[in-house]
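Here are the chains, one letter per residue:
There are 2 protein chains.
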Amino acid sequence: MASVLKLYSYWRSSASYRVRIALNLKGLIYEIVPVNIAPGASEQLTEPFRRHNPQRLVPILVDGERVFRQSLAIIEYLDEAYPEQPLLPSSARDRARARSIAQLIACEMQPMQNLRVLRYLEADLALDEGRRTEWVRHWIEEGFTALEDLLAGNPSTGDYCEGDSPTIADLCLVPQCYAARRYQVDLARYPTLAAIDARCRALPAFAAAAPEAQPDAPRA
Amino acid sequence: MASVLKLYSYWRSSASYRVRIALNLKGLIYEIVPVNIAPGASEQLTEPFRRHNPQRLVPILVDGERVFRQSLAIIEYLDEAYPEQPLLPSSARDRARARSIAQLIACEMQPMQNLRVLRYLEADLALDEGRRTEWVRHWIEEGFTALEDLLAGNPSTGDYCEGDSPTIADLCLVPQCYAARRYQVDLARYPTLAAIDARCRALPAFAAAAPEAQPDAPRA
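Protein chains in written order, with my numbering: chain D, 1 to 220; chain Z, 1 to 220.
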């Protein structure tokens, strides 16, 4: 059967990375359509991509005739439409905890480091690279401090953020740790997070989703 | 039966506002515990509130012995634990659309205007009030332009963002419109959003959740 799933993705986008992990964990076959959102390229601003995506962001998942936006909504959709290898725990309470970890990252941390925000800091606020880096690090460190505090010693934390198999929480944590390393945040300060991140990255589904493994990543 | 639901809330917090609407739409009885997160008060930084909430944010929902964080995770939990008056549509596709609208607001717009970000802009970047207001308006206008484009003329848009009853999408839209009015964003530029916002605010569940109706709102 031909693949019906198509993912518009940018190799270094955290939100694209989350969805790639989800697709891989579920063992789904999908086609990646790389969209270059880096400064100077801005393919996401051009037609026909814009037709699918008035907000001009990646990722976008196309499943047959249907178009899905926003990484966490896409992950929830995949979990409902393709229930094998669930990405959410089975009880309402545990699902809430996994979602709250995902949302701490997706709503409090990642927005501060995305390209359009960094562009505003540079173009509109005239912040130099040093102050932009300070900004990104500030929000990563604040978020990870809170998250380490929430996870360390909590009996629901297992091999992964919630229990002993990867959930939507880990799908957000690993791309956020990738961004943290890019900005030289010292992950040793967050031992619980760093251990879960390492455990996840050892899994083939996470490894194949990594930015450097993408078709649109620059060749070394 | 005594109420078992307790909501730590701040009258003007968008995320608290979302959860208040959810509780009201479901007809649940709950106690509001006001937490003053405004500059100068910062009750959320003190014990015992901090014990529940290392990230020091509202809202927090306490249901019996259980503590829930992050507004969208709380809303999903309420919808699972108290299924009467569902806040998510019945098909996976429509749920994905409602969630993607909620997340566009919660991940792309609201983070830019929250208190700790505005504090950083003022204290660390020394931006004056005019430039802080410009910043907030920029992200609201960018987000609402995309959202208007997504909703207007889409056959899934009904009386509300997704179909003909309120969903998690409307629970995010109305507080975001409230913030937009506070920052003098002209909502007439987004006629579909403005009509849905007005329709929602006419419902008692939304009206009772409004910032000015809260016990901790300043008296006029």
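No wet-lab data here; the hints were simulated from the structure. Warning: the hint list may mix true and false statements.
Note: identical chains are not told apart, hence a pair may lie in one copy or across any two.
[To be verified] The calculated SDA-like cross-link candidates involving lysine to any residue, where the alpha carbons are at most 20 Å apart (straight line), are:
1) Lys6 <-> Ala202
2) Lys6 <-> Lys26
3) Lys6 <-> Ala92
4) Lys26 <-> Arg93
5) Lys6 <-> Pro83
6) Lys26 <-> Asp149
7) Lys6 <-> Leu187
8) Lys6 <-> Ala126
9) Lys26 <-> Ala146
10) Lys6 <-> Gly153
11) Lys6 <-> Arg93
12) Lys26 <-> Val185
> Given identical chains, is lysine 6 near lysine 26, meaning Cα to Cα at most 20 Å, within a copy, between copies, both, or neither?
Replying inline: within (15 Å within a copy, 37 Å between copies)
>> Cα distance capped at 20 Å. Does lysine 6 pair with glycine 153 within a copy, between copies, both, or neither?
In response: For lysine 6 and glycine 153, the Cα distance exceeds 20 Å both inside one copy (40 Å) and across copies (25 Å).
> Checking lysine 26 and aspartate 149: alpha-carbon separation at most 20 Å within a copy, between copies, both or neither?
Replying inline: neither (30 Å within a copy, 32 Å between copies)
>> As a check of your reading, is lysine 6 near alanine 126 (CA-CA no more than 20 Å) within one copy, between copies, both or neither?
In response: So lysine 6 and alanine 126 fail the 20 Å test inside a copy (38 Å) and across (44 Å) alike.
>> If the cut is 20 Å between Cα atoms, do lysine 6 and alanine 202 qualify within a copy, between copies, both or neither?
In response: neither (25 Å within a copy, 41 Å between copies)
>> Cα distance capped at 20 Å. Does lysine 6 pair with proline 83 within a copy, between copies, both, or neither?
In response: Answer is within; shortest intra-copy Cα gap is 18 Å, inter-copy 33 Å.
> Which holds for lysine 6 with alanine 92 at a C-alpha limit of 20 Å: within a copy, between copies, both or neither?
Replying inline: This pair counts as between: shortest inter-copy Cα distance 18 Å, intra-copy 30 Å.
> Checking lysine 6 and arginine 93: alpha-carbon separation at most 20 Å within a copy, between copies, both or neither?
Replying inline: between (32 Å within a copy, 16 Å between copies)
>> Within a copy, between copies, both or neither: which one fits lysine 6 and leucine 187 at a CA-CA cutoff of 20 Å?
In response: Classified as neither; 33 Å inside a copy, 35 Å across copies.
> Between lysine 26 and valine 185, at a C-alpha cutoff of 20 Å, which is it: within one copy, between copies, both, or neither?
Replying inline: Neither. Shortest intra-copy (31 Å) and inter-copy (43 Å) distances fail the 20 Å Cα cut-off.
>> With identical chains, the pair lysine 26 and alanine 146 could be close in the same copy or across copies; at 20 Å between alpha carbons, which is it: within, between, both, or neither?
In response: neither (30 Å within a copy, 31 Å between copies)
>> If the cut is 20 Å between Cα atoms, do lysine 26 and arginine 93 qualify within a copy, between copies, both or neither?
In response: For lysine 26 and arginine 93, only the inter-copy Cα distance (18 Å) is at most 20 Å; the intra-copy one is 23 Å.
Violated hints for the displayed structure, listed by number in ascending order: 1, 6, 7, 8, 9, 10 and 12.
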